[in-house]
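Engineer: Here's the letter readout for the chains.
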Amino acid sequence: MIKKILIVLFFSFKANAALEVTIAQGKVEPTPIAITQIFGADSDTSRYGNTLRQIISNNLTNSGLFFTVNEDLYIQSDNLVEKVPRFEDWKLIKAQFLLSADVSKSDKGIRLRMRLYDVFNGKEIEKLQLTVPNEDLIRRVGHTVSDIVYERITGETGYFDTRIVYVSEIGPLDQRVKRLAIMDQDGHLDSHQFLTDGKNLVLTPRFAPNNQIITYMEYKNNLPRVYIYNLKTGEREIVGDFPGMTFAPRFSPDSQSVVMSFSDPNTANSEIYLMDLNTRSLSRLTNDSGIDTSPSFSPDGEKIVFNSDRGGSPQLFIMEKNGDNIKRISKGRGVYGNPVWSPRGDLIAFTKLTQGNFHIGVMDTNGNNERVIVRDFALESPAWSPNGRYLIFHRQKRSNLDGTGGEVTIHFIDITGYNERIIPTPRDGSDPAWSPLL
Amino acid sequence: MLKKLFMLIVAGFFLASCAATKTEQGGDVDAASASSSSGGEITAGTQEDLIVNVGDRVFFEFDSSELTVDAQATLDAQAAWLMQYPDTNITVEGHADERGTREYNLALGDKRAFSVYSYLAQAGVDTNRMEYVSWGKERPEVIGSDETAYSQNRRGVTLVSN
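Line by line, the protein sequences give chains A and B.
Numbering of the first sequence is given in my numbering, commencing with residue 1 and proceeding in unit increments.
Numbering of the second sequence is given in my numbering, commencing with residue 1 and proceeding in unit increments.
Think of the hints as simulated: they come from the structure by calculation, not from any bench.
Any given hint could turn out to be false.
Unchecked claim - Only part of the chain B face toward chain A is listed, based on derived beta-carbon distances under 7 Å:
no., residue
1, Y85
2, P86
3, G144
What the hints assert, rightly or not - Partial selection, computed: residues in chain B whose CB lies under 10 Å from chain A:
no., residue
4, G100
5, L106
6, S115
As the list claims (entries may be wrong) - Derived CB-CB ranges, DEER-like:
no., chain 1, residue 1, chain 2, residue 2, range
7, A, I170, B, T127, 34 to 40 Å
8, B, A121, A, G403, 35 to 41 Å
9, A, Q175, B, D87, 26 to 32 Å
10, A, G403, B, D87, 36 to 42 Å
From a predicted model like this one, the values you see are computed outputs, not experimental measurements.
Glycine included, each C-beta is placed from N, C-alpha and C at the ideal position.
Extracted from the complex, chain A is given alone in its bound form (with noise of 0.2 Å):
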């Protein structure tokens, strides 16, 4: 009895998502999607829906699952938001989805009109009706449709109306210029910012899971130490008084605590702590003679994966997140690092060092299924999209004597490994780190 209650569920659960994508499945064939024009009731309006239907096509394009069939093929060209699409028609050129969607202005604001066909079931699927106070707010609109469209055909959850901070470089590589700084998910320059003016050189910065605030590294009088920036307040804050170095911080799953290494002043040995930015009570975690570093909460937040040398050569291990039962889960020959537990709880993105090469895999949480997603010189800092279904890491490329070559750039890929991009910068960027959804 209990078994058909949840395959029922199961069903009407699968029934939801209009097509049903699953990461174990490999290389996916995108699906056609037609997007119209969007349309405007005069320049300014127009003028923004051009701009969405932008950043909505270039977004399902960038995830791999979609793409947007040309335009030029279109044989109905109405607005088909309040009227019912000749399915045929978009049959005939083979869009398997349809989206249709309008701009106006209210004296709320600016109100888009969208409405999401099935083609081939002859069904509308979505409907919605958006309202932004103002024009800086269209990028946001154009990234939550897309969020809308993804959810909808795929199932899974939407990743567009995110951010990416990351450290912008310049710079000869022996005195690199290091800025923190944040953009759309897309990279796209209109809502590129710098949080930092380069003067003190910023590390490894990582979102909270569940709001805007972020940690990193800082050099500031020379003092390696952890930080926390709010971006809705601009403040920034030392994290803890501590005498030695502080680095490789991240937070815990419910964005009140800090994890990271903290190297002991008098034996300059690093051990990994929690902090409790609440209560600025401290615990510490590890207690070895090896390095221990780049921890990762595992997003139920009962344990926490941490690279360490421990046994001879940097490996990656697991324990409570108490401290308790470690245990070495990497398994193949390499030196490993950079542990990133995904927010699906599934998987381990990893970095391994081997035969002169870096690679960034992703593994089981007991270190079973070792798989190489990206290999080249040098690699590092995998950072997961918050869906869990994508990876931004850096690529730095070999650098010459005569100091040229080391150029650096951020890149986005599936976890099947298929549907690498650059994600473009406007300098040199490294250490990318992915924002919850807005």
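Fit chain B to the supplied structure of chain A, relying on the hints for placement.
Structural biologist: Below, chain B alone, put in the same frame as chain A:
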């Protein structure tokens, strides 16, 4: 005898070329004056003096913070020099090559800096005169993605801080 003289010339050339390379955080050595100042313009007890007459740095093996025999010899000389100039304070910087993650290399750089710091302390240098800091792989001495560069970037550097 001739051989010895030749070695001295080579050593002198090596030191001069060391001084001509670019400087560390906070240590602004005028490279041109350092290499042309063998005539005795170097002020005793300065960074320049340390670089030219003692050696300001030691090198490490891959993924190691242990001091080699050569490194210990350099640090013995540094300790003696620091005893000679008791008003001189120093900061020891630990650095790593680019073949490791940023975070692991910060930890490794700290261990390297501390190896130098504690060796000098054991050799009698007052710890009140010394600080140490890790720069991980953020400040290479030599740009390049090969072992020649890496071997010079895995280093501990002693900087006169006053």
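Engineer: Each hint should be assessed against the structure and marked as holding or not.
Structural biologist: Hint by hint, here is what the structure shows:
1. Y85: 22 Å, violated
2. P86: 23 Å, violated
3. G144: Holds: closest Cβ of chain A sits about 5 Å from B:G144, inside 7 Å.
4. G100: 7 Å, holds
5. L106: Holds. Min distance 5 Å.
6. S115: For B:S115, the interface hint holds, since the closest Cβ of chain A sits about 8 Å away, which is under 10 Å.
7. A:I170 <-> B:T127: 34 to 40 Å: Given range 34 to 40 Å: holds, Cβ gap about 38 Å.
8. B:A121 <-> A:G403: 35 to 41 Å: Given a distance of about 37 Å, which is inside 35 to 41 Å, the answer is holds.
9. A:Q175 <-> B:D87: 26 to 32 Å: The hint (26 to 32 Å, Cβ to Cβ) holds, given that A:Q175 and B:D87 are roughly 30 Å apart.
10. A:G403 <-> B:D87: 36 to 42 Å: Since A:G403 and B:D87 have Cβ atoms about 37 Å apart, the given range 36 to 42 Å holds.
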